Amino acid sequence: MDAMEAAIQILEDLPVFDAGRGSYLTTDGIVEMDAIVMDGATLQMGATAGVQHVRHPITLARRIMERAPHNMLISAGAESFARACGLELCAAEWFETPYTRAVWQEYGRLPLATGTVGCVARDATGTLVAGTSTGGTDHKLPGRVGDVPLVGSGAYADNRSAAASATGEGDKIMRVVLSKTACDLAASGMPAAAVAQAAIATLAERTGGTAGIIIIDRSGRTGFAHSTKRMSRAWIDADGVLQAGIEPAHGST
1 MDAMEAAIQI LEDLPVFDAG RGSYLTTDGI VEMDAIVMDG ATLQMGATAG
51 VQHVRHPITL ARRIMERAPH NMLISAGAES FARACGLELC AAEWFETPYT
101 RAVWQEYGRL PLATGTVGCV ARDATGTLVA GTSTGGTDHK LPGRVGDVPL
151 VGSGAYADNR SAAASATGEG DKIMRVVLSK TACDLAASGM PAAAVAQAAI
201 ATLAERTGGT AGIIIIDRSG RTGFAHSTKR MSRAWIDADG VLQAGIEPAH
251 GST
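If you read the sequence shown in our numbering, its first letter stands for residue 1, the second for the next number, and so on.
There's no promise every hint is true.
What the hints assert, rightly or not - Capping the alpha-carbon separation at 30 angstroms, the derived lysine-lysine pairs in DSSO-like fashion look like this:
#1 140 / 180
#2 180 / 229
#3 140 / 229
#4 172 / 140
#5 172 / 229
Hints were generated in silico from the structure; no laboratory data involved. These numbers were taken from a predicted model, which means no experiment stands behind them.
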């Protein structure tokens, strides 16, 4: 859990991703961020949606899982909880970048070059965790909540099957509960790479949607697949070697 959170914190601070600093803006020109974490050992999860000032939404999601009497907190209530937990809050301007402002001003005329971030991990005891963080789709309506903070859609983890994190067309991802669909396929013993491909194929067949997914199963096998033009990813292979890629591909370790 610590490693997953730390990895996503780094990505949230990098303006090249649609999460934390660099999140896309709503039609009103503001940032509204969502995040989720899940622990596969206990099935505990925490999620947040619509936060505008929390530097690390992934950490807020974890605090909600660990300290709140509820699974999800949103908007002003979530920010009050973050403040009570001592989390760092930033001015709205901190999250905006020249690129996201340009995309907002030139809506529909500039390519969307950044995306949601996620991480899945398995520790030495076999505990699986998953986390996902996003600023959501560009020019979304204020108050829109996508797939990311919805358990089973943006992420899912269960020690009996797998941990998965998804990104893509969120309004379609949630209709097939993409991450839970992948974990259910993994429970049958299907190889992780095949699971990822099958989940993406299911999304396309049932909704016509595009997405990317990363997965690690209960045996530690990893896989990924995407129907989007590209998906940045990195992982440690079975030999302990760091692997990474951006261009279209699918595979496993």
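Hinted pair residue 140 and residue 180, Cα distance within 30 angstroms:
25 angstroms, holds
Taken at face value, is the distance from the CA of residue 229 to the CA of residue 180 at most 30 angstroms?
23 angstroms, holds
What's the verdict on residue 172 and residue 229, does the C-alpha distance respect the 30 angstroms limit or exceed it?
17 angstroms, holds
Has the given pair, residue 140 with residue 229, been kept, meaning a C-alpha gap of at most 30 angstroms?
21 angstroms, holds
Checking one constraint from the list: CA of residue 172 to CA of residue 140, max 30 angstroms. Satisfied?
Roughly 15 angstroms separates the two Cα atoms, so the pair holds.
Checked against the numbered hints above, the structure breaks none of them.
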